[in-house]
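Throw the hints in and build the complete structure from the sequences for me.
Sequences listed follow chains A and B, in order.
FYI, in our numbering the residues of the first sequence are 5 to 121.
FYI, in our numbering the residues of the second sequence are 170 to 361.
Treat each hint with caution, since some may be false.
[To be verified] Straight line, CA to CA, 27 angstroms or less: simulated DSSO-like cross-link-like pairs of lysine-lysine:
id : chain 1 : residue 1 : chain 2 : residue 2
1  : A       : K121      : B       : K286
2  : B       : K286      : A       : K40
3  : B       : K242      : A       : K121
4  : B       : K357      : A       : K51
5  : B       : K286      : B       : K357
6  : A       : K51       : A       : K40
Don't read these hints as lab results, they were simulated from the structure.
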Amino acid sequence: MMTERRPNGEAVAALLSAMIGLLTMGLVHTGTDASKDFSTWVLSVGKAWIPNAQGLGPYSGKETFLLVTWILSWVILHFVLRKKDVRLTVPVIIFVVGTALATLLVYTPFIEFILGK
Amino acid sequence: MSSEDPSPLVTIAGWVVVTAFLALIASTTAPFGAFLGDTQYAVVSTVHGMLATLGVIIGTVATYLGWRLFTGKIRAFTDLRILSVLSALIATGTVLFGNWIYVAYRATGGPREFFLKNNPEIHEIFFEFKEFIALFTIPLSIAAAFIIWRYKDQVIGDRPLRTWVFIAIMIAWTALMIAFLLGAGITKVRSV
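Quick look at the structure:
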C-alpha cells in the first residue's frame, strides 16, 4: 500500500522555530549585558512563573524567552507551512546561520566585542 | 545454535538477577553516600551529573545513527526513533536539574562568588557559555525527534530533509558535549 507523501513544511517549522527560540535567547542575553534595567526586567519575566527565579537571576527570564518564542513560532509556522512543500536550501542556510549567531551571542568574549567593552 | 543453548530471554533474565543481587550487596555494604557529599544539593547534583552522563551515551549512539541516516545507509531506524525521544527527554531532565543546582551556584558563598573572586574568567566565559549552550540541546533534540516520528520512513528517502535532521542532531550533540565537559571541568575546580 502506498502511503501519501507528507509535505516538508512541518519539518521546516519545527527546525526554524528551534533556531528562533535560541536566537531570541542569545539576543536577550546580550541585551542584559548591555543594560542593567533590561536585565532587571528580564528577571521579572522569569519571576512571573518560575519557582525560585530570584535564585536563578536573569537566567530565568532568558529561559522564558527561549521557551515562549520557540513554542509560539513553532505553532505559527506549523499552521502556516504544514501543507506546503518548500525547497530546503534557504531554510537550512537560515537555520545554520541563525544557530551559529545564537551560539556567538551567548559567548562572553563575542558579546564584549560587539558591545565595545 | 544447538538446542542446548540458553534462549536470549533466559540469558538476559539470568544477567539481570545476578546484577541485581550484586547491586543489592554493594548498596547495603558500601558507603556510597560518601561520594555524594553532605551538602543540601548532594542528591540533586548527582542526578544532574548522572543524567548528563546518560545523555552523552545515548546522544552519542543517536548521533551515530543520525550519521547513518544522513548517509542513507541506516538500518536501525526504529532504534533512532527511540533514541531521539530518549535524548530529548534526558536533555530536558538534565537542564531541569541543572536549574535546580544553579540556584546553589549563584548563592552567597557558592562557586560563582568563589570564581568571581579568584578566577573570574571561569564564571564569565566558561560557566556562562555552559549554561546557555546546554539549553540548545532541548529545542534541537525535540525538533529532530518530532520530524523522525512525524515523517517516519519518508525521512530516509528525503535526502535534503535527512541532511537537515542530521545537522540538528549534530549541533545538539556538540552542545551537549561542550556543556558536559565544561560542567565536569568546573565541578572539578569548585562544586556546589
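> Are the Cα atoms of K121(A) and K286(B) separated by 27 angstroms or less?
Replying inline: Given that 27 angstroms is the threshold and the Cα spacing comes to 20 angstroms, the pair holds.
>> Tell me if the straight-line CA distance from K286(B) to K357(B) falls inside 27 angstroms.
In response: 17 angstroms, holds
>> What's the verdict on K357(B) and K51(A), does the C-alpha distance respect the 27 angstroms limit or exceed it?
In response: 31 angstroms, violated
> Do the alpha carbons of K51(A) and K40(A) lie within 27 angstroms of each other, as the hint requires?
Replying inline: The given pair, whose Cα atoms are some 16 angstroms apart, holds under the 27 angstroms limit.
>> So if I understand the rule, the pair passes when the alpha-carbon distance is 27 angstroms or less; does K286(B) with K40(A) pass?
In response: 21 angstroms, holds
> Do the alpha carbons of K242(B) and K121(A) lie within 27 angstroms of each other, as the hint requires?
Replying inline: Since the Cα atoms of K242(B) and K121(A) sit roughly 49 angstroms apart, the hinted pair is violated (cutoff 27 angstroms).
Of the numbered hints given earlier, the model fails hints 3 and 4; all others are met.
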